[in-house]
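Work the whole structure out from these sequences, hints included.
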Amino acid sequence: MAKTEHVERAPSAPIAAILAWVLPGLGHWWIGERVRGLIFFVVLMVTFWGGIAVAGASTAVTAKGNGAWIAAQLCMGPQTFAALELGNREVRNAKAREQVLYRAPWPSSNIGVVYAGVAGLLNLLVIIDVLARSETRRMAVVPRLRPKKGRS
Amino acid sequence: MAEFFHALFFKPIPITGIGRLAMLVPLALSVSIVYKTIRCDRLRSIPVASAMMCVAVVFFMMLIGAILLLVFRWLA
Numbered sequence: 001m002a003k004t005e006h007v008e009r010a011p012s013a014p015i016a017a018i019l020a021w022v023l024p025g026l027g028h029w030w031i032g033e034r035v036r037g038l039i040f041f042v043v044l045m046v047t048f049w050g051g052i053a054v055a056g057a058s059t060a061v062t063a064k065g066n067g068a069w070i071a072a073q074l075c076m077g078p079q080t081f082a083a084l085e086l087g088n089r090e091v092r093n094a095k096a097r098e099q100v101l102y103r104a105p106w107p108s109s110n111i112g113v114v115y116a117g118v119a120g121l122l123n124l125l126v127i128i129d130v131l132a133r134s135e136t137r138r139m140a141v142v143p144r145l146r147p148k149k150g151r152s
Numbered sequence: 001m002a003e004f005f006h007a008l009f010f011k012p013i014p015i016t017g018i019g020r021l022a023m024l025v026p027l028a029l030s031v032s033i034v035y036k037t038i039r040c041d042r043l044r045s046i047p048v049a050s051a052m053m054c055v056a057v058v059f060f061m062m063l064i065g066a067i068l069l070l071v072f073r074w075l076a
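For the record, the sequence lines run as chains D and R. So for the first sequence, this note's numbering puts the first residue at 1; every next one is plus one. So for the second sequence, this note's numbering puts the first residue at 1; every next one is plus one.
Simulated from the structure, these hints should not be mistaken for laboratory data. Keep in mind that this is a model prediction, so the values were computed, not measured. Only true hints are included.
Simulated DEER-style distance windows between Cβ atoms:
1. R:Cys40 to D:Gln99: 46 to 52 angstroms
2. D:Ala94 to R:Ala76: 40 to 46 angstroms
3. R:Pro14 to D:Leu38: 29 to 35 angstroms
Stretches of chain D that chain R covers, calculated by requiring three or more beta carbons in the stretch to come under 8 angstroms of a beta carbon on chain R:
4. 37–43
5. 53–61
6. 96–108
7. 112–120
8. 123–131
A virtual CB, placed ideally from N, CA and C, is assigned to each residue, including glycine.
Here it is as structure tokens:
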């Protein structure tokens, strides 16, 4: 009868954190918390892109117009750069057509900025959580993987 | 499809009246779900815990808003 050996994997905390930044929930998925990762992905994506839908890409995510909110929004990872590019493209298109860019009126503009910013801050919490969870798992797995000294 | 996405992400949605207050609920819900997903060990307890936290957040924010409105009127 063939012997099957189960090899335990100690998840690397920095890799999990980077994955969580690249795509919300991916870090949890990678360390084996798949349902949790899926919940984070759906909730954070809906919140971030919902904010952009409310205010418009050129208003919700801008490098200059919203002060420090861009720092919070950057916690959502590469999709913030995608939203920035979408907004910039819209501004360039309006300039090329010599049209006035339609910006969201208050309070839609503020609501969109806050939604996208809060999504980023929540993803920061998720990144901290995945760091803690992967470190806890590492501490549980690594001592069992190390050979014990003093025994033959 | 392309027109739909263009309208979705480039044409802002006008929010007026009670809609401004109603937009608080989805934000409170997403904060509650993420927080409770982090805190709860058992996945089954997440929906009820998130709903209760969302209700509490909305209620206390409304309460604080009402108190601030009363203070503002009293000072005026």
